Amino acid sequence: MSGEPLNDNRWERCVPVYGFPVVTRFFLWLMVLILLAFVFSGYRELAGLGPVSGMNDAFGWGIWKTFNLMVLTALGSGAFAVGIAAWVFRRKRMFSLMRMALLTSFLAYACGLLLLGIDAGRPWNFYWIVFPWRWNMHSPLAEVAICMSLYAMLPLAIENLPPVLERLWYFDSRLRPGVEKIERRLHSVFPWIISLAYLLPGMHQSSLGALMLLAGERVHPLWQTPWLPVLYLGAATFMSFGCVAGTTMLCCLMWKRAMDMDVLTEAARITSWLIWGWLGLRILDIVFRGAVETAFHFDRFAGVFWLEVALTVAGGWLLKRSVETRDPQPMFIGYILSSVGGMIYRFSPTTLAFRPNPEALYFPATIEIIVSLGFISLGIAGFLVAVKRLAILPAPLHAWHDMANYFRFRRPYIRWTGYFQGRYFGSEEPKTAQGDD
Amino acid sequence: MDITRRQLITTIAKAGVPAAVAVTASATPTLTEHIPVPSAAVGLLYDATVCIGCKACVSACAAANDTPPDTRGDELHQAPSDLNELTRNIIKLYKPEDGSPGSFSKRQCMHCLDPACAAGCPFQALSKDPETGIVSWTAEKCIGCRYCTITCPYHVPRFQWLGFNPRVTKCELCRHRLAQGLKPGCTSVCPTGAVIFGPRTVLLLEAKKRIQQSPGRYYQDRIYGETDNGGTQALYLSHVPFEKLGLPELGPESVPARTLRWQRRFYQYFALPAVLYAGLVQVIRKSLAGHEHELHEDEKRTGLRAQL
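Those protein sequence lines, which keep their order, are chains A and B.
Sequential numbering from 1 applies to the first sequence in the working numbering.
Sequential numbering from 1 applies to the second sequence in the working numbering.
Isolated chain A (complex conformation) (with noise of 0.2 Å):
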């Protein structure tokens, strides 16, 4: 529009993945791991916890909960972070990206929450949860266990209804009036809804970091602090943006879309300064506290400290040199380092960096990574269903129209994409040119 440099690759409409099938060899198997999962969840209530995991009496917790629910809802923070940068910060371009941060989020928190029912050993004292003078209210896990199932099924269900009731309106001109009331009412309760969808997360995830301060000593002095929770929060900020713009940008490479390099040189930017706050909080941190002489043991808790530290470097070096150049290259591996990096981090106050007792050892069992990777791939085929059925993915304008001339002209048999009905393709009559090539 006026004032902005030409873009071409703009990206204005989410546009659903079109012209590729859901059941690709890939997909049949996630299925497959899925179905494993499932079985092996059933064969772990019959038989207790301790047949199909490596916890004991030292490690209580395995990577169910802390790779699953405390590393994965640190990458589907998107809906957090990319929405308060969208909507509080008011970052207009961000909005592109908010469908599929909203998305990315929900499957992730859907899935974490799923396994924590499994990974509870009496999980049918969950119904306390409904009346709240029986909650512990000074309870880290309490908050988080409470906050987190809240936040999932109320203002992230609800805020990812907007593409699904796109499809039904799409779908049948019958159903219009109804989706248009529904969906003026969801407007008129937006603010409230969007406003809970910033604070649940904010607290759940910084209680996800107080979790460990309970454990005082036991953690590792490079990771032990009061400041935990506020680090666990700031990693989940730009471990999520990596999350939101890494899959977006994985998602054009493989389905040959446009990138709009504005929007994803900003998450860049954002994303840089996030991750050297970040760090300069948590070296600072560790100074001030008189730990960092620690850091330079030589056992496996310097190593890991390291290893995290080199990741969001080199991640935050790329991307901060991806914004100059623009290059999507660096941009992409930036992301996929911090993000691994920001994993490590948060994986190590509950797992690697958790010394219970000198002999104590954890690794998981077989079962225990089958069901963990199982319920990882339910979020990634609930993804690969979303975006090919709904419009998530941002696209350039013309994206839309090239959809529309493929239903029309190549598969006018497809009555059930929904997309195209008759003649309706916006909310007019046709008026723009729908055969540009």
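Just so you know, these hints were derived from the structure itself, not from any lab.
Remember, predicted model here, so these are calculated numbers, not experimental data.
One thing to keep in mind: the hints can contain errors.
What the hints assert, rightly or not - Listed next, with one range per pair, are the computed distances between beta-carbon atoms:
| # | chain 1 | residue 1 | chain 2 | residue 2 | range |
| --- | --- | --- | --- | --- | --- |
| 1 | B | P36 | A | W133 | 16 to 24 Å |
| 2 | B | S100 | A | F296 | 30 to 38 Å |
| 3 | A | Y127 | B | A274 | 23 to 31 Å |
| 4 | B | Q220 | A | V287 | 30 to 38 Å |
| 5 | A | R25 | B | Q78 | 50 to 58 Å |
| 6 | A | F296 | B | P68 | 48 to 56 Å |
| 7 | A | E180 | B | T138 | 46 to 54 Å |
Stated by the list, open to error - Not close to chain A: a few residues of chain B, all C-beta gaps over 10 Å, as computed:
| # | residue |
| --- | --- |
| 8 | C54 |
| 9 | A63 |
| 10 | P68 |
| 11 | H77 |
| 12 | P96 |
| 13 | E97 |
| 14 | G99 |
| 15 | L178 |
| 16 | T201 |
| 17 | V202 |
| 18 | K208 |
| 19 | S214 |
| 20 | R217 |
| 21 | E226 |
For glycine and all other residues, C-beta sits at the position ideal for the given N, C-alpha and C.
Place chain B on chain A using the hints.
Coordinates of chain B only, in the frame set by chain A:
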């Protein structure tokens, strides 16, 4: 209408922010920094210098709690290597390499005055009795999250890893026996009186008397649990450093008070989150209005339905 409502909310926010900050900063010291001792606090006093390591208390404990003896070691003797889902009480041996004096150590729940397990327990399955101060586990409230096994600084609660209905096992000071007027299993069989049961105040006096009678006999002339970790109801006397008995030096402040101070202040009366929420709603209403306007413009330009 719109302006008055905005004014109203802004006014509330303006009044609410200082109020919330004041609540957060001030009201909590009473909650976290003063730990009340239960009125009828009972406890154990274990004197490591008297213990002969006969392990009578271990089998008496299992018998008193209707637990089958843990003979998994050699299929014959009840000799568990550590606390576990069948063992609430255990005698361990500290034997230094250099031949300096060793010691036995009795390990069971310390019944802290400010228990970390109960502080972390999400649905109050682990709770401290307001009168006797006994920390006990309620099966109906436990979701099996195993956070207690992570938080307890003494590593006492143990989770049952086998079976579909796992339980958390820890010493509950034989509260079912106390209700019948009996003493806890371990104290009722101890042949040397190394572990005795009584009100915490009485046990403290007794321990102080022992220290006074034989100065230099006890490590640092100190009772572990008088103030450690905010005070515990199981008290220890020892001739070797307490750390060798498996009792870490935690300082006089309890673990929850020390580590969850800011967490607790932040969520006090939910004041700060509520204020934050009110502020967010204000900001987002404005953003939403702007965003919807932009979407409308785009809709007119492209002729396609707006996507939120």
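Exercise for review: Provide an ascending list of the numbers of those earlier hints which the structure does not satisfy.
Suggested key: Result: no hint breaks.
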